[in-house]
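Residue numbers (the UniProt record's numbering), protein chains in the order written: chain A, 1 to 415; chain B, 1 to 503; chain C, 1 to 441.
Hint data in this document are derived by calculation from the structure and do not stem from the laboratory. Note that the structure is predicted; figures quoted are calculated from it, not measured. The beta-carbon is built from N, C-alpha and C at its ideal position, and this holds for glycine as well. Treat the hints with care, since some could be wrong.
Said to hold, decoys possible - If you anchor each label on the Cβ, the simulated ranges turn out as follows:
no., chain 1, residue 1, chain 2, residue 2, range
1, C, Q60, A, Q225, 41 to 49 Å
2, A, G74, C, A183, 31 to 39 Å
3, C, A80, B, K317, 53 to 61 Å
4, C, A43, A, I356, 34 to 42 Å
5, A, Q225, C, V64, 35 to 43 Å
6, C, A183, A, E65, 33 to 41 Å
7, A, S164, B, S366, 38 to 46 Å
8, A, Q225, C, L109, 26 to 34 Å
9, C, V245, A, G74, 43 to 51 Å
10, A, S164, C, V84, 40 to 48 Å
11, B, V65, A, I356, 49 to 57 Å
12, B, G106, C, I74, 46 to 54 Å
13, C, S187, B, R121, 56 to 64 Å
Unchecked claim - To list a few chain A residues with every Cβ distance to chain C over 12 Å, as calculated:
no., residue
14, I48
15, I49
16, L53
17, T62
18, A94
19, T103
20, A105
21, D106
22, F108
23, S234
24, A239
25, P240
26, D243
27, D249
28, D253
29, F255
Claimed, not checked - Not close to chain A: a few residues of chain C, all C-beta gaps over 10 Å, as computed:
no., residue
30, V30
31, P97
32, A102
33, I225
34, G236
35, Q244
36, I266
37, K323
38, A368
39, A422
Given next are the chains, with one letter for each unit.
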Amino acid sequence: MSDDNAATAQASPPPESEQPTPPEQHNYWHTVLRSITQGNALVAVGAIILAVLVGSLMILFTDEEVRTTFGYIGARPSDFFAASWNAIEGAYSALFRGSVYNTNADDFLSGIRPLTETLKYAAPLILAGLGVGLAFRAGMFNIGGQGQMLLAGGAAGWIALSESLSSLTIWIHLPLAIIVGALAGALWAGLAGLLKARTGAHEVIVTIMLNYVGYYLLFFALSRQGLLQQPGSSNPKSAPAQDTAILPDLLGDRFNLHAGFLLAVAAVAFCWWLLNRSALGYRFRAVGENPHAARTAGIDVGRTYVAAMLIAGALVGLAGVNQVLGTVTSGVALDLDSGIGFDAITVALLGRSRPIGIFFAGLLFGAFKSGGFLMQASEGIPVDIVLVVQSLIVLFLAAPPLVRAVFRLPTKEAA
Amino acid sequence: MQLALRNITKRFGALVANDHISLTVEPGEVHCLLGENGAGKSTLMNVLYGLYQADEGEIVLDGEVQSFAGPGDAIASGIGMVHQHFMLVPVFTVAENVVLGNEQTGFAGKLDLEAAREKVREISARFGFHVDPDAVVEDLPVGVQQRVEIIKALSRDAKVLVFDEPTAVLTPQETDELMGIMRQLKSSGVGIVFITHKLREVREVADRITVIRLGKVVGEAEPTASNTELASLMVGRAVELTVQKDAPTLGDDALVVSDLVVRDDTGLAHVNGMTFTVRAGEVLCVAGVQGNGQTELTEALMGLQEHVAGSITLDGKELVGRNVRQVLDSGVGFVPEDRQVDGLVSSFTIAENLMLDRSFSGPFVSAGTVRRADLDAFAQAKLEEYDVRAPGITTQAGNLSGGNQQKVVVARELSKDLRLLVAAQPTRGVDVGSIEFIHKQIIATRDAGVPVVVVSTELDEVVALADRIMVVYRGQIVGIVPADTPRDVLGLMMTGERPAGVA
Amino acid sequence: MSTTAPASAPVASPDRVEIVPRKVPVILTVITVALALAVALGAQDGDTTFRLATGKDLFQLPDVVVPAELTAWIGIVVMALVSVDSWRRQLTGHRTPMWETALYAVVGLLAFLAWAAADGTIPMVGLLSGSLALAVPLVFGALGGVLGERAGVVNIAIEGQLLFGAFAAAIVGSLAAPPLVSALGESAGDFTGAIVASAGAAFAGMLVAVLLAVFAVRYFVEQVIVGVVLNVLVIGVTSFMFSQVLAPNAATLNSPPRFRAIDIPILGDIPLIGPVLFRQTLLVYALYVAVALVTFALWRTRWGLRLRAVGEHPKAADTVGIKVNRTRFRTVLLAGAIAGLGGASYTLVAVSQFNREMTGGAGYIALAAVIFGKWDPIRATLAALLFGFASQLQGTLSVIGSPVPSQFMLMLPYVVTLFAVAGLVGHSRPPAASGQPYKLG
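Here chain A stands alone, though its shape is the one from the complex (with noise of 0.2 Å):
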């Protein structure tokens, strides 16, 4: 490759080389956080259709009607395909109609409720997203979501069902008990990017099992009077929220909506600012992409991981906050994460680990969640298609070349 052909030498990195080659594990994590966050919209368009096309498959075998219908499918085919159609139509106009805008309601408020309520959902799962994209973005796998969540939510629910600190009115107890959540998830996720800096030990490994540690640890506080137990009960629950320590509405007394979700845009834009203008967000990608050379320009590879993952747990534990203290305020509850640390994992790939794309990723998979509710209660459908959708639109994006194939889409590597 000489430089008198320039054209040559900016196309591409020579495909032989004479030079050693690094060996393939230093390109891991490049090629890792290369899919993750390259890729390109049309792609994720066709990733979104090919999963939906697989529920509605998944909904058609299953449905009662449809599969009368097709024992006689050779005598009366219309039977069969009104049925099918009734299914389909049922479920995704309930799924719309409970995350978008209900077009059965009386008024306007009514009808836009159900968007409210996937903001709601989205909320948290922007948050952990967040959390979850940043620790990709520093070369981490965070599966800890669960584990962070539940401690994070365990500290913020102490602080917020305490009686003497809510004499200390809301400007003090709620960002008390915030604080205190997402101090609790920092750590947890600190502690795995410790052992991983400290040890080497695998953060997948480590942060599954902080997970089921995390949960017993709650599930211990929970079952002991004096501890986290809402007194007199024996039940594994806490007493409620203190109203001091509750996030607000955001729309009033008629929707569910509350301030946790100015909470995670807020961390969208923080996170965003972080990744690209700031210097410990630089480090950050920078060992992300290669660890090897970071250290070589100085940077504490280790200390790095500690940081970003206590930043990730941080934003985890804000999910979790965001429960305690505005979804569910009667208590904390064991299932309190109810799967959204795992969800988390889908929405940072969803949206390549970039703050806008996991913003937008958390809407469509909270419009899922909430328009999956009005499915299972009117069209009694299961709302577990919903994580089949879920984890089908990720495992496709996660591979373009199928979906092009799959849409015939031109391929990039011919540009």
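Following the hints, complete the assembly by docking chains B and C onto the known chain A.
Quick look at chains B and C alone, frame taken from chain A:
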């Protein structure tokens, strides 16, 4: 067996790596393939070996056109390859490596390792190798590993053997032995393709020479051709093999290393008791065969090694015990040996790469925020000053050629207030034009009164740059000699011999 | 910045000195102190009885009765001595030998049991055979994990393979058993039905593996991502199908036959070992065979040599004509089938019906066993057995009534794993190319 490649063309996207290349190898002949880094030699051999499929052209063996779907087909047709980066599984034994893909089995697919050992012993005896079939490959010295590669190829009855840059990792003595092995193979009727960019070796062993430049055959040459002729054929213009430089203006002792011992995590000493001094305004070249402690030495200077004993002082200040950032902040510039792994973040832009070692404070960061305008202006200036061929400062470093990548690294390291420059293999895998440029920059740094340590395994580079040469072997200093020391003396020293009269 | 070498002599330092990490003594000390604290704070009176025999045994071993508090303290003293010795070795540049760690583990366990079960009786046979039963899916899953990683593919989807295996076994068993029962009679029909169901489980595990292989091997998608997402997908699909199809038709689709324990003559009569190892179900015996086969095949056959070459240095394998991605693809499928078979133990042994998310993260524990077991089938099996033991211990102690809150007992396997990956695995080495897609150019 006669091998003929006819009009082989291989493209990667818009890039033509091989452009209608033809060559013939007769049985019992050593055919040298000479070319610069990136000229397309390895691509051609990967086509021959079935790892790549040619877009055009054909491979002909004894008059029959072949089509190789993979290396398995090539091996079955009698083609063997001794790879530049050995294709050996480090945790397997010699016998396991030799039979891999060609195993004999007994009941229920059980491996017959005894047959494998026997095969290794038999071929070893034939060529006078001393290779223990039960040794684990990663424990063997590189020279022996290469013999395992040769045994592996011969055990599959290779009639044409390809050696891809085989001497890069060998001492001059091992290289001589390899040349002997090649002659032995040749006399047994094996055809040999010898890929290299080292002119001396070519003339020693080749029967025919084909020169490749930018993916094309640019000429054939006789082994009697002079170095200058071959070099200008290879590069396409007359090449200045030496660097213009004046006698050094020596200052005080700047870098003082004493009793340095560097161990890895297993406790093995890679640097074992080195003591030397570099004065301001002087280039000290560390010469030696790869893997004799040079990497560990430079990393220890930078604070990148964990188990370091002894003392390293720069201008009187102790560096041992400081972390990388503190070492860098005390004014040390470092060009790492492998730029793609340690020097650059390939998905970062050129501008982002230029602030890699200054992300905490200093010109590009204030109040925790990156000063993008300052960084961009700086990057634009360096792009021009260092003649980096790129569309702009937002080009990703990974999309640059090796030479341009290295210029980015050098630009970053030299634009600091330097008190020491450490450059490891500064021109490895770099085109000739960039080599000349980088060499000039290193000499300019020296002339500015900065002490410079250059580590190189290329004797030409050592001789061109050095004011003094320090030869290392097995983690120890064999001797520190003047720059005009004859090459054969240096070669001998690289095997650990201390010639008479050397300090 | 430390080394134990003498820094003064210029060229005289030895080529190699032992550099011993501090992890092992630290961990041993931490555990000793934790146990000592627990015993000191929760003093226990009375004796602890270890029952070594069952009523069915030919040779009746006598019960062993020890004073609880005293035994615990003796154990703690031994543990403290080992910890001190470990520090001594570390400071003089030596590793703690395996036998000392093993001694520590056994003594520590007995001390803990004696303390925790004070005034109670520990049925050792029940404890151990229960551990084995609980470990069955873990061992199958770990075997699948070892195979995958040895070939260079990280199989996070073990969880999904177990769950889908359990799901398929329930359906296949429910469908296959009635006709088989009417043809072969009650017990033979159930038995063959369960075998057919196990085959279905293996097939289901393989289906999940096909997805893993397609995305990870064919499309080079990051393996950890595929694995995690596949687990979510399987949870979604099985839960959806459970609510939509299985629950409404429980009698026809979710009532598979069960494997019953088979006593092996003679072997089953060996004291203590017999009842534990040889009065088990067919699935457990299949497990013994699987462990032996995988171990033999991996280390002693051509197939295993090639598989390991592909996982260590794929390019080297490629250059000798081994099809890297084809080898990986097939290995992943086999690994999936093995893990899927493990899923059968959820629906065909203790409980004979499928329930949503019934594997409860066992796949992740199996993954931890793979790492804990240093990618070796035998060691991974032992690690899985250890996890099974920890779970069973929790159950046993909760019956006896122990001073340790049950949540901490439930936490134990995960804490052990944390210690294991952080401390003990540090100096082990995974297959070099594990987790990395192989593509040329």
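Results for each hint:
no.	hint	result
1	Q60(C) to Q225(A): 41 to 49 Å	45 Å, holds
2	G74(A) to A183(C): 31 to 39 Å	32 Å, holds
3	A80(C) to K317(B): 53 to 61 Å	45 Å, violated
4	A43(C) to I356(A): 34 to 42 Å	59 Å, violated
5	Q225(A) to V64(C): 35 to 43 Å	38 Å, holds
6	A183(C) to E65(A): 33 to 41 Å	35 Å, holds
7	S164(A) to S366(B): 38 to 46 Å	43 Å, holds
8	Q225(A) to L109(C): 26 to 34 Å	32 Å, holds
9	V245(C) to G74(A): 43 to 51 Å	24 Å, violated
10	S164(A) to V84(C): 40 to 48 Å	47 Å, holds
11	V65(B) to I356(A): 49 to 57 Å	56 Å, holds
12	G106(B) to I74(C): 46 to 54 Å	53 Å, holds
13	S187(C) to R121(B): 56 to 64 Å	59 Å, holds
14	I48	15 Å, holds
15	I49	17 Å, holds
16	L53	15 Å, holds
17	T62	4 Å, violated
18	A94	15 Å, holds
19	T103	26 Å, holds
20	A105	28 Å, holds
21	D106	32 Å, holds
22	F108	34 Å, holds
23	S234	14 Å, holds
24	A239	20 Å, holds
25	P240	23 Å, holds
26	D243	31 Å, holds
27	D249	32 Å, holds
28	D253	33 Å, holds
29	F255	29 Å, holds
30	V30	14 Å, holds
31	P97	21 Å, holds
32	A102	22 Å, holds
33	I225	6 Å, violated
34	G236	3 Å, violated
35	Q244	4 Å, violated
36	I266	41 Å, holds
37	K323	18 Å, holds
38	A368	6 Å, violated
39	A422	4 Å, violated
The structure fails to meet hints 3, 4, 9, 17, 33, 34, 35, 38 and 39 from the earlier list, while all remaining hints are met.
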